[in-house]
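If you read the sequences in order, they're chains A and B.
Residues in the first sequence are numbered consecutively from 1, following the numbering used here.
Residues in the second sequence are numbered consecutively from 1, following the numbering used here.
Hints may be right or wrong, so weigh each one.
What the hints assert, rightly or not - Subject to a maximum C-alpha distance of 27 Å in a straight line, what follows is the list of computed DSS-like cross-link-like pairs (lysine-lysine):
id : chain 1 : residue 1 : chain 2 : residue 2
1  : B       : Lys65     : B       : Lys32
2  : B       : Lys76     : B       : Lys65
3  : B       : Lys182    : B       : Lys244
4  : B       : Lys244    : B       : Lys283
5  : A       : Lys61     : B       : Lys76
6  : A       : Lys61     : B       : Lys65
7  : B       : Lys244    : A       : Lys81
8  : B       : Lys273    : B       : Lys244
9  : B       : Lys76     : B       : Lys34
10 : B       : Lys34     : A       : Lys81
11 : B       : Lys273    : B       : Lys283
12 : A       : Lys81     : A       : Lys61
13 : A       : Lys81     : B       : Lys273
14 : A       : Lys61     : B       : Lys34
What the hints assert, rightly or not - Partial pick of chain B residues on the chain A-facing surface, computed with a CB cut under 8 Å:
id : residue
15 : Gly240
16 : Lys244
17 : Pro246
18 : Leu248
19 : Leu272
20 : Lys273
To be verified - Chain B is nowhere near these chain A residues, computed Cβ spacing over 12 Å in every case:
id : residue
21 : Glu21
22 : Ile82
23 : Gly89
24 : Glu95
Just so you know, the hints here were simulated from the structure itself, not pulled from any lab data.
For each residue, glycine too, the CB sits at the ideal point set by N, CA and C.
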Amino acid sequence: MSDEGLVEVKAAESFEEGDHELVDVRGVEVGVVRDEDEFYAFRNTCPHDGGPVCTGPVSRKLVGEFVGPGERVERSFSDEKIISCPWHGWSFDLETGENVADDGIVLPSYDVIVEDGVVYVDDGR
Amino acid sequence: MIDAAEHRVVDCDWHYQDSFTDIVEYMEEPWKTKYEKSNWDAAGVKQNLSSFFPTSTGDRQAYGKIEREHSNYPDKAETPDRVREGMEFLDVDQSIQISHLALAMGGVQTDDERTQAFAKAHIEYMLEEVLDPDDGVYGLAPLPYSDIETSLEILDRVENEPAIKGACFITAGANPPLGNRKYDPLYKRCEEIGYPVVFHTGGSGLDDYVRAGYQEMLETHTLGFLESNMSQLVSVTCQGVPEKFPDLDIVFMESGVTYVPGLISRLEEEYLKRPEEAPLLEKRPSEYITDYYFGTQPLEVSASPDLLELCFDMLGTDRLLYASDYPHWDFDSPSTITDLPFISDEERKAILAGNAVEVFDL
Ligand code: FES
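Kindly produce the complete structure, drawing on both the sequences and the hints.
This is the structure in structure tokens:
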């Protein structure tokens, strides 16, 4: 742990796309995920039943639009990204941690900082 | 406690025991002639392996045990005066009549025009001979919803009739289920007119409801009447009907209330795990479902009071509508509501009349 309250994860270049890395942040297991050159960090404990949510896949959210009575709902993958817990599929917005089904349920997130090619999680201190 | 006789009571589900012999006078050809030359009799069925609509298990009157003093049910066609007599008996001031015969329409899966011919003729018969707002006798238009065009014609026909207060969809037999986009034009039209959509469970095809081989009506009626509404409740909600038509009032009739919290709980567990499969929903399914209205009959008064109270709390006493189902075998009198210990007099009055006055614009 660094003096500034940053917890070192690993070198940015050693993160594969979609890769996750687990670190201990003040006694909490936190998962750091790389998606399209961005890094995200969440508590790796699913609010549903404690599953390792950060080890699940990241995908684009499938949405539907009502285009008119009698028309088939138009389905498409949006630009919004979600991460899904591999135990039962609870999914969370990658940017906000909000549950896709109920935005009142939020997966706690952490700031991620990349300095000199190294990824750190801010421990909030 | 309140006395039903001293308060306004609206019965949201009275079954007018219509007869084919009365209705056929209003029926279009070729069904008029087909019926008249058939052996089908007033109930549309005879014990000669021939019936207008499919029939179902068991004797509803429990083999001679159940009798009705203020109705011709079950053996003879109703007459309009007996509805007034029955309302007097139950202290009902206003009633919403739903066709008795239409309840079996869901069993018709063939692509002929039996249900269309019946629904149109039923409406003409009721308007001409039975319904009268001055007497507090209103009705719903049964929609042969598998035929969208005819159903829209029916809505056009009745929209300015003061005696018709909504559209009725018999939930048994709806294939595809009623959340399908196919039915959107009907919901849109009802929303425009300001008609509530009443999803009324049905008994047709119960002998082999989902699976064949049941032996008693106790089994088929318990399950079938529940499942018919449960399946449509899930379909209508998940497919986003209340998001597509936000001003549409949705009513579920004749499955009691205790099934709803269980169904909501199960649906929410699933929804939390697979929300992308209901992409039109902006909130949890329960938040839509508790906006629907529910007819109270057959109210599970023998359930633990705690359970019933929980159901009332979950659905909201502003969403419950007293319904008798008279003269059917398992009808509820207003005392099922007036005698409930855990609600206030204000809530009793809302369930007995106030909520219905609002939904049905009485
Ligand atoms: S524990 Fe994560 S979805 Fe169940």
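Quick rundown of the hints versus the structure:
| no. | hint | in the structure |
| --- | --- | --- |
| 1 | B/Lys65 to B/Lys32 | violated (35 Å) |
| 2 | B/Lys76 to B/Lys65 | holds (17 Å) |
| 3 | B/Lys182 to B/Lys244 | holds (13 Å) |
| 4 | B/Lys244 to B/Lys283 | holds (14 Å) |
| 5 | A/Lys61 to B/Lys76 | violated (59 Å) |
| 6 | A/Lys61 to B/Lys65 | violated (59 Å) |
| 7 | B/Lys244 to A/Lys81 | holds (25 Å) |
| 8 | B/Lys273 to B/Lys244 | holds (23 Å) |
| 9 | B/Lys76 to B/Lys34 | holds (21 Å) |
| 10 | B/Lys34 to A/Lys81 | violated (61 Å) |
| 11 | B/Lys273 to B/Lys283 | holds (14 Å) |
| 12 | A/Lys81 to A/Lys61 | holds (6 Å) |
| 13 | A/Lys81 to B/Lys273 | holds (16 Å) |
| 14 | A/Lys61 to B/Lys34 | violated (55 Å) |
| 15 | Gly240 | holds (7 Å) |
| 16 | Lys244 | holds (5 Å) |
| 17 | Pro246 | violated (11 Å) |
| 18 | Leu248 | violated (11 Å) |
| 19 | Leu272 | holds (5 Å) |
| 20 | Lys273 | holds (5 Å) |
| 21 | Glu21 | holds (26 Å) |
| 22 | Ile82 | violated (9 Å) |
| 23 | Gly89 | violated (5 Å) |
| 24 | Glu95 | holds (17 Å) |
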